[in-house]
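Participant: Chains as they are written, first to last, in our numbering: chain L, 1 to 244; chain D, 1 to 236; chain G, 1 to 206.
A portion of the hints provided could be inaccurate.
Said to hold, decoys possible - Incomplete in silico selection of chain G near chain D, CB under 8 angstroms:
#1 L55
#2 L56
#3 S85
#4 P109
#5 T113
Stated by the list, open to error - Here are the simulated lysine to any residue pairs, SDA-like style, with alpha carbons at most 25 angstroms apart:
#6 L:K87 / D:L170
#7 L:K87 / G:R19
#8 D:K24 / D:G140
Please keep in mind that the hints were generated in silico from the structure rather than gathered at the bench.
We put the CB at the ideal spot given by N, CA and C, even for glycine.
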Amino acid sequence: MWTWFYQLASPPHVYRMAARLSGGFLAAALVLIAYGTIAGLVFAPPDYQQGDAFRIVYVHAPAAWLSLNAYVVMAVAGAIGLIWRIKVAHAVSAASAPIGASFTLLALVTGSLWGRPMWGTFWAWDPRLTSELILLFLYVGVMSLRSAFEDAARGDRAAALLAIVGVVNVPIIHFSVVWWNSLHQGATVARFGKPAMVPSMLWPLLAMLAGFLCFYLAVLCMRVRGEVLRRELRARWVREALGS
Amino acid sequence: MNDVQAWPAEAGVGAGAALALIVKRDLCLSFRRPEQLLQPLVFFLIVTTLFPLGLSLELSTLREVSPGVLWVGALLASLLSLDALFRSDAEDGTLEQLVLSGQDLTLIVIAKTLAHWLVSGAALVLVSPLIALALGMPVGVFATMLASLALGTLTLSWLGAIGAALTVGLRRGNVLLSLIVLPLAMPLLIFGAGATDRALADLSTSGALYLLASLCLFTSTLAPFAAAAAVRIALE
Amino acid sequence: MSSAEGLAVDRVHVWRGERHVLKGVSCTVRPGELLHVRGPNGTGKTTLLRVICGLLRPEQGEVRWDGAPTERVRASFQRSLAYASHEPALKGDLTAIENLAFTVGLKRPVRRTELEAFLRRTGAAALLDLPVRMLSAGQRRRVALARVLALESKLWLLDEPYTNLDAGGVALLSELLAEHRGRGGLALVVAHHEVPAVSDRLELAA
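Just chain L, with the same shape it has in the complex (with noise of 0.2 angstroms):
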């Protein structure tokens, strides 16, 4: 019965069952992306406080959303490969990182477009696009530390490490951010609230953060099959998979 568990560790086997979940991942989410910016830039009623420059929720609350999930997932993953010492685990670590951090830049792109009718400006110091832009320097710094490292395996590790500290400061950051912001910006600024949502506006949403996911899971599947094949250059299976 535990087997499908343990065959998870095994580096072959998930070099093609990716191959197979990505395709179906890659059209699930093509069609709730669909979906979701037909009806979210067409059909939902503008916001009566924002106008239409609320449609960018659409993109920006999933980026968001997903680039603090690829932050658990890589630091997730790496505590499974530092503790249990699993190779596959590290493959998806490293595979996640560059994606959550995409999607960080994605936020805050999207974040401050999103400011400029709000507050006048691209960047006010928001909380929110704060947090999001101190994420980006964790994420960067997992990757630099993992490729600053020639022996790919410690590297590994060491970026396992870093990232299950991040993460852990991650809650801590968000409310500092939150605090600081709180004492320094009067009630002028406005809050990156999401307006309140009636059901036409809200669908769409949901499906773009389904849609997003999804996109996240096929992509960090192609990256997978890469990462794992770079650790395991030197087996057997490789040179079979790959017919050579």
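Following the hints, position chains D and G against chain L.
Facilitator: Structure of chains D and G alone, referenced to chain L:
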């Protein structure tokens, strides 16, 4: 041959004695290079001088930004010295001897970090009133400022120990160390400078100081284990 | 003497990046024995010593001390060994005796007079109170040897201990090894050249 006779039963060395011994060793080493002790302090001075020079502020405006400037200076100066926490021991092979001593690696890390804080963070705290005066900070704020810096530099030492252990032996490890530690240190900066700011504005500082203290406690409890794990990874 | 006593290395595999450095290495060293590990450069001699110490975890295989896997009894096993790495592992700014006091003092309470005796034994008595950075390479090696003695450990793991020693030093080391074995101690020595009176040899191939 009688095994028991040749290898005496170990008297063993308790945790407290071992801690004291390692702290003594590191302090000894630090004081034999007094010029290196001064470097972070001078850097602190230089960095805080950059702000009035770069911003051309009058004393009254300078006073308003003094908590932040002081704190950023202390943060950067502490970071500068953190790189040396494990580097020298790793380079000459004595770190391995410490790990093999049979003492708990977490204890060793705690001892080294404490010794390091005593000569860097604590030194910065002692020098800070001078810098604060230069920045126009009123003397009434000093108590809060000193308390926040003491807690903050200690927390930073714990975070820095993790970073230092992870980057020891890497080329350009000190740049990577700053890259890793600074984002983690941002809550510190926020609470510490925030507390001093509130003191400057005659508001209650207890909230901010309690937050800083709890952060310090939290980090002190967990960071040594993370740093010990990082040392093991570094030695592999 | 039971058969499980001593050190057993069982089919240890270590990869460093892409290189298969240790390919199923096995050996046993019993009390009173001296194992000479040798091989061309890059064949993992130092890696083997570090695996035995517990500084490096092998990907496959096991190291056992008195029958028990060292993974499980790591702290007590590390207290039973003395590791002399390729570098003398001394702090340059501390004196010879301070170096010894700090290292040995972590393992057992030790008096200055005891440490002086060990330094005398390895011919480094005159260098007691000099900062180690002022000592020559050969003198540092003698101080490192004194530390190995002072730790009073049953298992000696010595990586290229003959480096930089003059003829007198080489003879001294051989004497110390013989005494150690006579007391029932074990030793694993990595050396490029011949080591006298070995019990066994382990050749590591590329």
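Participant: Kindly indicate which numbered hints from before are broken by the structure, ordering the numbers from low to high.
Facilitator: 5, 8
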